[in-house]
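Just so you know, the protein sequences line up as chains A and B, in that order.
For the first sequence, UniProt numbering gives the first residue as 1, with consecutive numbering after it.
For the second sequence, UniProt numbering gives the first residue as 1, with consecutive numbering after it.
In short, the hints are calculated from the structure, not lab data.
You may find that some hints are simply not true.
[Stated by the list, open to error] With a straight-line Cα cutoff of 27 Å, these simulated DSSO-like cross-link-like pairs (lysine-lysine) come out:
#	chain 1	residue 1	chain 2	residue 2
1	B	K27	A	K50
2	B	K54	A	K276
3	B	K147	B	K249
4	B	K42	B	K2
5	B	K241	B	K181
6	A	K50	B	K249
7	A	K249	B	K27
8	B	K51	A	K51
9	A	K147	B	K54
10	A	K50	B	K54
11	B	K51	A	K147
12	A	K249	B	K54
13	A	K147	B	K50
14	A	K235	B	K235
15	A	K54	B	K51
16	B	K28	A	K249
17	B	K50	A	K51
18	B	K147	A	K50
Protein chains: 2
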Amino acid sequence: MKQLQVLLVAGTHGNEINGIWLFDEWKKSSFLINTHGIKTFKVIGNPEAKKAGKRYIHHDLNRSFKEESFIKINPLNCERTRASELVNLYGEAGENPCQIALDFHTTTASMGSCIVVYGRRDADLALASLIQNQLGLPVYLHESDQKQTGFLVESWPCGLVVEIGPIGQGLLNSRIISQTKLILETLMEQIHEVKNLNLFFPNKLIIHRHIKSIDFPRDEEGNIDGYVHSLRQSKDWQELKKNDELFCKLNGEIIRFEEDEPYIPVFINEAAYVEKNIAMSFTKRELWNFKKEWKQALIDLIHQK
Amino acid sequence: MKQLQVLLVAGTHGNEINGIWLFDEWKKSSFLINTHGIKTFKVIGNPEAKKAGKRYIHHDLNRSFKEESFIKINPLNCERTRASELVNLYGEAGENPCQIALDFHTTTASMGSCIVVYGRRDADLALASLIQNQLGLPVYLHESDQKQTGFLVESWPCGLVVEIGPIGQGLLNSRIISQTKLILETLMEQIHEVKNLNLFFPNKLIIHRHIKSIDFPRDEEGNIDGYVHSLRQSKDWQELKKNDELFCKLNGEIIRFEEDEPYIPVFINEAAYVEKNIAMSFTKRELWNFKKEWKQALIDLIHQK
Numbered sequence: 001m002k003q004l005q006v007l008l009v010a011g012t013h014g015n016e017i018n019g020i021w022l023f024d025e026w027k028k029s030s031f032l033i034n035t036h037g038i039k040t041f042k043v044i045g046n047p048e049a050k051k052a053g054k055r056y057i058h059h060d061l062n063r064s065f066k067e068e069s070f071i072k073i074n075p076l077n078c079e080r081t082r083a084s085e086l087v088n089l090y091g092e093a094g095e096n097p098c099q100i101a102l103d104f105h106t107t108t109a110s111m112g113s114c115i116v117v118y119g120r121r122d123a124d125l126a127l128a129s130l131i132q133n134q135l136g137l138p139v140y141l142h143e144s145d146q147k148q149t150g151f152l153v154e155s156w157p158c159g160l161v162v163e164i165g166p167i168g169q170g171l172l173n174s175r176i177i178s179q180t181k182l183i184l185e186t187l188m189e190q191i192h193e194v195k196n197l198n199l200f201f202p203n204k205l206i207i208h209r210h211i212k213s214i215d216f217p218r219d220e221e222g223n224i225d226g227y228v229h230s231l232r233q234s235k236d237w238q239e240l241k242k243n244d245e246l247f248c249k250l251n252g253e254i255i256r257f258e259e260d261e262p263y264i265p266v267f268i269n270e271a272a273y274v275e276k277n278i279a280m281s282f283t284k285r286e287l288w289n290f291k292k293e294w295k296q297a298l299i300d301l302i303h304q305k
Numbered sequence: 001m002k003q004l005q006v007l008l009v010a011g012t013h014g015n016e017i018n019g020i021w022l023f024d025e026w027k028k029s030s031f032l033i034n035t036h037g038i039k040t041f042k043v044i045g046n047p048e049a050k051k052a053g054k055r056y057i058h059h060d061l062n063r064s065f066k067e068e069s070f071i072k073i074n075p076l077n078c079e080r081t082r083a084s085e086l087v088n089l090y091g092e093a094g095e096n097p098c099q100i101a102l103d104f105h106t107t108t109a110s111m112g113s114c115i116v117v118y119g120r121r122d123a124d125l126a127l128a129s130l131i132q133n134q135l136g137l138p139v140y141l142h143e144s145d146q147k148q149t150g151f152l153v154e155s156w157p158c159g160l161v162v163e164i165g166p167i168g169q170g171l172l173n174s175r176i177i178s179q180t181k182l183i184l185e186t187l188m189e190q191i192h193e194v195k196n197l198n199l200f201f202p203n204k205l206i207i208h209r210h211i212k213s214i215d216f217p218r219d220e221e222g223n224i225d226g227y228v229h230s231l232r233q234s235k236d237w238q239e240l241k242k243n244d245e246l247f248c249k250l251n252g253e254i255i256r257f258e259e260d261e262p263y264i265p266v267f268i269n270e271a272a273y274v275e276k277n278i279a280m281s282f283t284k285r286e287l288w289n290f291k292k293e294w295k296q297a298l299i300d301l302i303h304q305k
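One chain only, chain A, in its complex shape:
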């Protein structure tokens, strides 16, 4: 059996710096974080953007991991180049092949901590289940979004995003750092347990399945002319029912939620999503039965069968 290697990424967005702090702390005092002897590689996702104090230089790095991007290095696109580089260094067929990628993010939305999975890969769902079972975190299943693709973790056989908020861009915050550390350690501990076949998977997984994102209200010229209603602001994960308030418009009109079935909003008023025309995303909360295939996929991956 080859040695299991795990890629840890922080600063995929250059202005989300709390995970980077944790890596620096860890470098200084290796005892601070317990990885249970599993080999890890800690990298800053987008060091150029970090230096510039920006989310990205040319394109969002976490939308740059598309198959076609890896064909050639493009000197005019810092992020496509970095995506290729990371895959060449730590991808499954790279210099230091990693089987699992964990990508640490922050949000300006009042989401607390959550795990994001991209699509329904068995090993991802198994690992997310283990974390939900340990920490009770919501799991956000991001799928069916044609406008947003090419996420970093998708380039690894198994990968999760950890998303923590609220925190302003470019700021360090003691609470966010502690929460990041807790989730990182829990992830490593759970991977270790699977490695030792000391398994305890839950029967159910609560999934917040992405349905769609909605834009802010806009005027005829395309300018935003409505803000998130006070009853919706900071109410991530709280169920929306028909006629609930969504936005206040410039003309005083209130825009309400008009769907018949309840949705759960997330990423409400996330600063980085204004440019993506996203005021919030809607999810459906679903209770899924844990599947044996998920468990087997994660075991096979970690044991590199």
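For this one, chain A is given, so just place chain B on it according to the hints.
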């Protein structure tokens, strides 16, 4: 007597947009905001930066109002040019001379609402006293800071900054908009009362006098290697006593407040101040007797004697 004219500025920093929203709302429905018949000019301070979604293009506009800047237009400095333009348009000797400037800002720090005065000008202190008497807001006296000069309101005979937080950069927030509106209306109402000589000034003014700003801890290479301690985060306006925790360093060390006299911190972890090497500012809370000269200066100004 010439007509009193008041300059209202929002978006002096292009990513502080809640005041701009209020102006747009007001344009649409003029009854929404009561200015008591006083002539106002509403301007976006830095429209270029607003378009770019940034605090500024070349330099902070609210540090660009220096006498020497007004000598000539500099096409390579968008903000110096804009500062001259605003003074030419609305300055005391401008096309539409305004006697009072009110400048609406937001902060990512948990400051709530406050009034900022730059230096100890009589009319500013009188107007700030009226607002404190109505709304109980803290008044932050910014002075003795050689590194920060050239503030917009200093170019008008009387001028206050309204600062409201916490809110992420570039975001609209219903609470911030409501608070901005309340303070704007209260300011106009109080100016109106002075105009009508219907005066009620308090006997005392509580001032938070700026003492100094402190930087984040840094390593030998100048990189930030400490974050605001969890006991200090979001504790703006709360008194610091000797040995209180200020920062956590990368090496685990806690940096404490070591002065003998108590200070009151403000702008704790303000995102825009990281580039200014400011982790927070220290003030002293002082109770000042209201002075007759302040009142007279404001009356004279508003009545244009």
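Practice task
For the pair supplied as a hint, K50(A) and K249(B), confirm whether the alpha-carbon distance does not exceed 27 Å.
Solution key: holds, 20 Å
Problem - Given pair status - K50(B), K147(A), alpha carbons within 27 Å - result: Roughly 26 Å separates the two Cα atoms, so the pair holds.
Problem - 27 Å limit on alpha-carbon distance, applied to hinted pair K51(B) and K147(A) - result: Holds - the C-alpha atoms of K147(A) and K51(B) are around 24 Å apart, at most 27 Å.
Exercise for the section: For the pair supplied as a hint, K42(B) and K2(B), confirm whether the alpha-carbon distance does not exceed 27 Å. Expected result: The given pair, whose Cα atoms are some 20 Å apart, holds under the 27 Å limit.
Handout entry: Restraint status (C-alpha distance of K249(A) to K27(B) at most 27 Å)
Key = With a Cα-Cα distance of about 13 Å, the restraint between K249(A) and K27(B) holds, given a limit of 27 Å.
Problem - Agreement of K50(A) and K54(B) with the hint, judged by alpha carbon distance not exceeding 27 Å - result: holds, 17 Å
Practice task
Sort out whether K249(B) lies within 27 Å of K147(B), counting only the CA atoms.
Solution key: holds, 26 Å
Exercise for the section: For the pair supplied as a hint, K241(B) and K181(B), confirm whether the alpha-carbon distance does not exceed 27 Å. Expected result: Outside the cut-off at roughly 35 Å; violated.
Exercise for the section: Take a quick look at whether K54(B) and K276(A) sit within 27 Å of each other, Cα to Cα. Expected result: It holds: about 16 Å lies between the C-alpha atoms, which stays within 27 Å.
Handout entry: Pairwise hint evaluation, K51(A) against K50(B), where the allowed Cα distance is 27 Å at most
Key = Holds, at roughly 23 Å.
Practice task
For the pair supplied as a hint, K249(A) and K54(B), confirm whether the alpha-carbon distance does not exceed 27 Å.
Solution key: holds, 24 Å
Problem - 27 Å limit on alpha-carbon distance, applied to hinted pair K28(B) and K249(A) - result: Given that 27 Å is the threshold and the Cα spacing comes to 11 Å, the pair holds.
In summary, the structure is inconsistent with hints 1 and 5 from the numbered list given earlier, while agreeing with the others.
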